[in-house]
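Those protein sequence lines, which keep their order, are chains A and B.
Sequential numbering from 1 applies to the first sequence in the numbering used here.
Sequential numbering from 163 applies to the second sequence in the numbering used here.
Simulated from the structure, these hints should not be mistaken for laboratory data.
Note that CB positions come from ideal geometry on N, CA and C, so glycine has one too.
Take the hints with a grain of salt, since some may be wrong.
Unchecked claim - Per label pair, the in silico range of CB-to-CB distance: (1) A:L121 to B:E197: 16 to 24 Å; (2) B:G199 to A:T25: 20 to 28 Å; (3) B:E197 to A:F32: 34 to 42 Å; (4) B:P269 to A:L38: 48 to 56 Å; (5) A:E42 to B:L225: 19 to 27 Å.
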Amino acid sequence: MDSVLRAAAVYFFLLLIFRVAGKRTLAEVTTFDAVLLLIFSEAIQQALIDGDQSMTNAFLIVVTLLGLDIAISLLTMRSSKMDKALNDVPLVIVQHGRPLEDRMRKARVTPDDVLERGRELWGIRAMEQVEYAIVERTGAISILPRRLDWAGTPERRSAPAS
Amino acid sequence: MGVAGASVEERPREQEAGGEAQPVTEHDEHEHGLEIGQDIAFQRRMWRFQRAGWVAMVVVALLALIGLFGSGPLSRAREGTAGTGLTLDYARLTRHGAPDNLRVHLPASSTSQGKVELAVDREYLEGLRLEGIVPEPESTEGRPDAMVYVFQVQPGAPTTLTFEFTPEALGLRAGSVRLKGREPVSFTQLVYP
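Let's have the full structure, built from the sequences with the hints guiding it.
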């Protein structure tokens, strides 16, 4: 009985704490973040097993955690309210090349983050070349470049349209 | 050349007239064929919730520093009057499975006979794993309602008896200790999971 209750308590605590921390917190895992995650797991592990080294305990914990995860995913599929609450919503932070500063600040994204992502994905040089930048529900930034032709980067389409 | 993207923008900008401050609505984004489930009202609620959560984290850390969750200045307490012949130093707030102790301070007047008989509430003892008693008792006697420990002490000198243990039961735990022929000292302990 203990194993299930402990696993459930840990699951919901982590769910809450990571929602509070925000989706950007671990969106891009740096070396230090990886170290932090290891420390979290060490700290939680003791409370999770509580000195019970049996296989039964380990199995019960895994079953409980996975079961909760599946239950939550079923719940979020049925209710869009739950889906938003647990998985967050996407957010447009750049529109027609113009950064929406208030949103960026609140979402803890800097213009540099957007440009970095733009360079990686599309070879974008400046903010003007970004049609939309969106903070996805995972915390990753996706970039929609301005009117890109199939031949290459936005920079190459220099011929006027009309 | 470098800013080519800016110069070839042919689509009129709807926002331009409104200036920077104009809020972007969901409708606005759908107009441009951006099919995402953006929900600004929800997003703002979520941000508020997160800000509140950050404050709560700081508050929890500060409360933990002063000992609200055990092992801090706020978590220890003392109990005992002249009639009981001892002062009890115990953890008011403690945690399941964390090392804890109970100290019984005896003034010189309580040790004059060189032998001390201390009874500890049995029900309280059942909620913990006793790991050691310092000094070791000379004898232990189990009674229905209490365990009675007899200690050899230096006559006429103040001393301290320490019970080392880890709490196993959760929640509010009441206990009491009493010296032979004196009034008992009662105390309550909150054990966090």
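Cβ distance range 16 to 24 Å for A:L121 and B:E197, holds or violated:
holds (19 Å)
Kindly confirm whether 19 to 27 Å is satisfied by the beta carbon distance between A:E42 and B:L225.
holds (24 Å)
Does the Cβ distance between B:P269 and A:L38 fall inside 48 to 56 Å?
With a Cβ separation near 51 Å, B:P269 and A:L38 satisfy 48 to 56 Å, so the hint holds.
Just to be sure I understand the hint, the distance between the Cβ atoms of B:G199 and A:T25 should be within 20 to 28 Å; is that true here?
holds (21 Å)
Against the range 34 to 42 Å, how does the distance between the Cβ atoms of B:E197 and A:F32 compare: consistent or not?
Given about 36 Å between the Cβ atoms, the range holds.
Of the numbered hints listed earlier, not one is contradicted by the structure.
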